[in-house]
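When you get a sec, could you build the whole thing from the sequences and use the hints?
Line order of the protein sequences matches chains G and Z. Taking my numbering, the leading residue of the first sequence gets 7, the next gets one more, and so forth. Taking my numbering, the leading residue of the second sequence gets 1276, the next gets one more, and so forth.
Simulated from the structure, these hints should not be mistaken for lab results. All values derive from a computational prediction rather than experimental measurement. Take the hints with a grain of salt, since some may be wrong.
[Stated by the list, open to error] So these bits of chain G aren't anywhere near chain Z, every CB distance computed over 12 Å:
#: 1; residue: Pro50
#: 2; residue: Asn61
#: 3; residue: Lys79
#: 4; residue: Leu164
#: 5; residue: Ser264
[Unchecked claim] Below, simulated EDC-like cross-link-like pairs (lysine to aspartate or glutamate); rule was C-alpha separation at most 20 Å, straight line:
#: 6; chain 1: Z; residue 1: Lys1380; chain 2: G; residue 2: Glu31
#: 7; chain 1: G; residue 1: Lys70; chain 2: G; residue 2: Glu56
#: 8; chain 1: Z; residue 1: Lys1373; chain 2: G; residue 2: Asp166
#: 9; chain 1: Z; residue 1: Lys1375; chain 2: G; residue 2: Glu31
#: 10; chain 1: G; residue 1: Lys83; chain 2: G; residue 2: Glu275
#: 11; chain 1: G; residue 1: Lys233; chain 2: Z; residue 2: Glu1383
#: 12; chain 1: Z; residue 1: Lys1373; chain 2: Z; residue 2: Asp1451
#: 13; chain 1: Z; residue 1: Lys1283; chain 2: G; residue 2: Asp211
#: 14; chain 1: Z; residue 1: Lys1407; chain 2: G; residue 2: Asp211
#: 15; chain 1: G; residue 1: Lys145; chain 2: Z; residue 2: Glu1315
#: 16; chain 1: G; residue 1: Lys145; chain 2: Z; residue 2: Glu1314
#: 17; chain 1: G; residue 1: Lys306; chain 2: Z; residue 2: Glu1443
#: 18; chain 1: Z; residue 1: Lys1375; chain 2: Z; residue 2: Glu1443
#: 19; chain 1: Z; residue 1: Lys1335; chain 2: Z; residue 2: Asp1496
#: 20; chain 1: Z; residue 1: Lys1438; chain 2: G; residue 2: Glu31
#: 21; chain 1: G; residue 1: Lys259; chain 2: G; residue 2: Glu275
#: 22; chain 1: Z; residue 1: Lys1335; chain 2: Z; residue 2: Asp1515
#: 23; chain 1: Z; residue 1: Lys1375; chain 2: Z; residue 2: Glu1445
#: 24; chain 1: G; residue 1: Lys145; chain 2: G; residue 2: Glu167
#: 25; chain 1: G; residue 1: Lys145; chain 2: Z; residue 2: Asp1515
#: 26; chain 1: G; residue 1: Lys177; chain 2: G; residue 2: Asp166
#: 27; chain 1: Z; residue 1: Lys1335; chain 2: Z; residue 2: Glu1315
[What the hints assert, rightly or not] Just the calculated beta-carbon pair ranges, DEER-fashion:
#: 28; chain 1: G; residue 1: Gln222; chain 2: Z; residue 2: Arg1461; range: 44 to 54 Å
#: 29; chain 1: Z; residue 1: Pro1325; chain 2: G; residue 2: Ser173; range: 20 to 30 Å
#: 30; chain 1: Z; residue 1: Phe1343; chain 2: G; residue 2: Lys214; range: 15 to 25 Å
Quick reminder that beta carbons are idealized off the backbone N, C-alpha and C, glycines included.
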Amino acid sequence: MNKLKSFQHPYTRGAVNSVKKNNIEGWLFVSPLVIWICLIILVPIYIAFELSLFNVKIIGTSGKFVGIDNYIKLLGKSKFLNASLNSLYWIIGNAICQTFFAFTIALTINYKFPGKKIMANWIILSFIIPTVVVVVIWKLMLSSSSGVINSVLIDIGLFDEATGFFSSPNKAFISLVLINSWRWSPFLALIILSGLNSINREMYDASKVDGANFIQQFFFITFPNLKSVLFVLGLVGTLLSFNIFDIIWLITKGGPSSATTTLPLLIYETAFTKFRISQAATLSIITSFLLLLFSIIFIKLMAPKEDD
Amino acid sequence: MIKENNIKFIFLSLSLLLIILIFFFPFFWIITSSFKSPEEIIATSTTIIPRSFTLEHYNKILFNSDFFIYLKNSLIVSFSSMIISIILSVSAAYGLHKLKFYGNKFVEYSLLVTYAFPGVILLVPIYLLFAKVNLLNSYFALIIVNVLFATPFAVWMLKAFFKLIPNEIEEAAYIDGASRYIVISRIIIPLAAPGIASVSIFCFIISWTEYLFASILISGDNLKTLPVGLAGIVGQYQIDWGFLLSGAVLASLPVILLFVFIGKYFVSGLTEGAVK
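Okay, structure coming up:
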């Protein structure tokens, strides 16, 4: 793509030279960050790959070479299947909830109302506080014995008695999805808002003349014009949701009966509570492979065409 | 026409109410609860307006716990991560979006993917790597990791601000004989200052809230960060709610204070055409 651009101003030697100069200088400016990231991602991945071919148990000990045995064993394990499915449900659940919340927030803030500025600035509060604080907030609010949510739901007659929101597998899973969406939606809403701001207002006026109502406006103008934002959100959002560890770990520890054990939790458990380092490394390699595959396919299919 | 405006008004008020209830009420709740007596916090009948007022939890956490040690550690780690992240990402964003070199799209997309690169996957090997090079139990271990997680998105955020700076200004400076260093320090950085402020706060938040790596890479009590300290109380069998709540409020306070001063840059940095 860039090659094409450089051919756009041809014919003068100076222009060609400056493109070449840009190549070297550009890489120079980018290289400190690129080197930093490569070192901290690629070296560990190499270490993980090496580990996955041995059977090391406790960190620091050595194991014997087993080849691809770890991979074969792991792919057939029900724990791995269970965690993969949980991760899939987790991503889908979060995508649905966060899309709903984020669009509600973004579309609301996009209107004019008193206090709009304050709300736009502070809506992101749930994103800037430590995750541990998010956990504290919701553990208190959803507590079965003294939680405010339980007592409100009983007062308005929805529940007969207090429920434990983390006691059954389904309830725990749904509660966690909602808590995680609570944390991330405002941040995503601001990114959607940036997309909304870049839409030409005249399109709305023109559609109004043609008699479109605001629901039609949303589906025919707003949504299609958010393509490049939605691309970034789709890619980054999916990977970020997948990545969530601390909220789940600190609230349910993956329980009850492994219902909330997603792949990140399984990796953590395998490495730091079961002390099977090689297995954890194998899991990491398989997971990175799956995510890389997802990213490549997503970028190939969905990357917006560059027209600027 | 009037009817549609009415519907709009109802929609708007409903969603506003919902947003306030869902996204703001929890903060009101934990802040007020942190001043309640221990009995009221765990009482089965809850009322929205607090009935008791006490400072005992704050007294306990400020004068009878390791709070200040954790606070110091969190501040050191977050500030250092922020400064290194800013230097690296401003330089990279300049290269990516002002110098348009061969392969810049590839670097840009790879950065987006690394932003979301699952930390847990790296946890075990990074632990081993840091153990090998003797970095475990050091601030630097956390800084290295935080920079890794903050910079990719920081570069993406800076893109919008760099694109807003007209190329003509730079070109005019070059014609006047300015060097690249002068252009960057006198033109680019001052003009992108709001963007750099918003990126700084993002980097600070990422480091401030990081829990997973801090809990594994640091084992010494004197080097623990605030999230790890708090998580220690969450994990206890009998939770001392007052203690925990006041800790949660205090741990959020620094980012909130920072946000009071430069939060508007952060929000406008995210909303004003980050995608153009």
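Quick rundown of the hints versus the structure:
Not every CB of chain Z is more than 12 Å from the CB of G/Pro50 (nearest about 3 Å), against its label as outside the interface. With a cut of 12 Å on Cβ distances, G/Asn61 stays outside the contact zone with chain Z, its closest approach being about 14 Å. Its beta-carbon lying about 18 Å from the closest one in chain Z, G/Lys79 satisfies the requirement of being farther than 12 Å from that chain. No Cβ of chain Z comes within 12 Å of the Cβ of G/Leu164; the nearest lies about 15 Å off, and the non-interface call holds.
With a minimum CB-CB distance of about 17 Å to chain Z, G/Ser264 clears the 12 Å threshold, and the non-interface call stands. At roughly 16 Å between alpha-carbon atoms, Z/Lys1380 and G/Glu31 fall within 20 Å of each other, so this suggested pair holds. A distance of roughly 12 Å separates the Cα atoms of G/Lys70 and G/Glu56; the hinted pair therefore holds under the 20 Å criterion. At most 20 Å may separate the alpha-carbon atoms for a hinted pair to count; Z/Lys1373 and G/Asp166 exceed this at roughly 62 Å.
Of the pairs offered as hints, the one joining Z/Lys1375 and G/Glu31 holds, with about 10 Å between alpha carbons and a cut-off of 20 Å not exceeded. This hinted pair checks out: G/Lys83 and G/Glu275 have alpha carbons roughly 15 Å apart, not beyond 20 Å. Taking the CA atoms of G/Lys233 and Z/Glu1383, the gap is about 18 Å. The hint holds against a cut of 20 Å. The suggested pairing of Z/Lys1373 with Z/Asp1451 holds, with an alpha-carbon distance near 19 Å, which does not exceed 20 Å.
For a cut-off of 20 Å, the pair hint linking Z/Lys1283 to G/Asp211 stands: about 16 Å separates their Cα positions. For the suggested pair Z/Lys1407 and G/Asp211, the alpha carbons sit about 63 Å apart, so the restraint of at most 20 Å is broken. The straight-line distance between the Cα atoms of G/Lys145 and Z/Glu1315 is roughly 16 Å, inside the 20 Å bound, and the hint therefore holds. The hinted pair formed by G/Lys145 and Z/Glu1314 meets the criterion: a straight-line CA distance of about 17 Å does not exceed 20 Å.
Pair hint G/Lys306 plus Z/Glu1443 does not hold up; C-alpha atoms about 34 Å apart against a cutoff of 20 Å. With a CA separation close to 16 Å, the supplied pair Z/Lys1375 and Z/Glu1443 stays within the 20 Å bound. With a C-alpha separation of about 19 Å, the suggested pairing of Z/Lys1335 with Z/Asp1496 holds against the 20 Å cut-off. Restraint check: the Cα-Cα separation between Z/Lys1438 and G/Glu31 comes to about 18 Å, which is no more than 20 Å; the hinted pair holds.
Note on G/Lys259 and G/Glu275: the hinted pairing holds, with a Cα-Cα distance of about 9 Å set against a maximum of 20 Å. Among the hinted pairs, Z/Lys1335 with Z/Asp1515 is consistent with the structure: their alpha-carbon atoms are about 11 Å apart, no more than 20 Å. Annotation: proposed proximity of Z/Lys1375 to Z/Glu1445 holds, straight-line Cα distance about 14 Å (limit 20 Å). A distance of roughly 18 Å separates the Cα atoms of G/Lys145 and G/Glu167; the hinted pair therefore holds under the 20 Å criterion.
Between G/Lys145 and Z/Asp1515, the direct Cα distance comes to roughly 13 Å. Compliance with the 20 Å bound is thereby established for this hinted pair. Under the criterion of a C-alpha separation no larger than 20 Å, the hint pairing G/Lys177 with G/Asp166 is consistent with the structure, at around 17 Å. A distance of roughly 18 Å separates the Cα atoms of Z/Lys1335 and Z/Glu1315; the hinted pair therefore holds under the 20 Å criterion. A hinted range of 44 to 54 Å holds for the C-beta pair G/Gln222 and Z/Arg1461, which are about 50 Å apart.
Take Z/Pro1325 and G/Ser173: their Cβ atoms lie about 28 Å apart, and the range 20 to 30 Å holds. For the pair Z/Phe1343 and G/Lys214, the beta carbons lie near 59 Å from each other, so the given range of 15 to 25 Å is not met.
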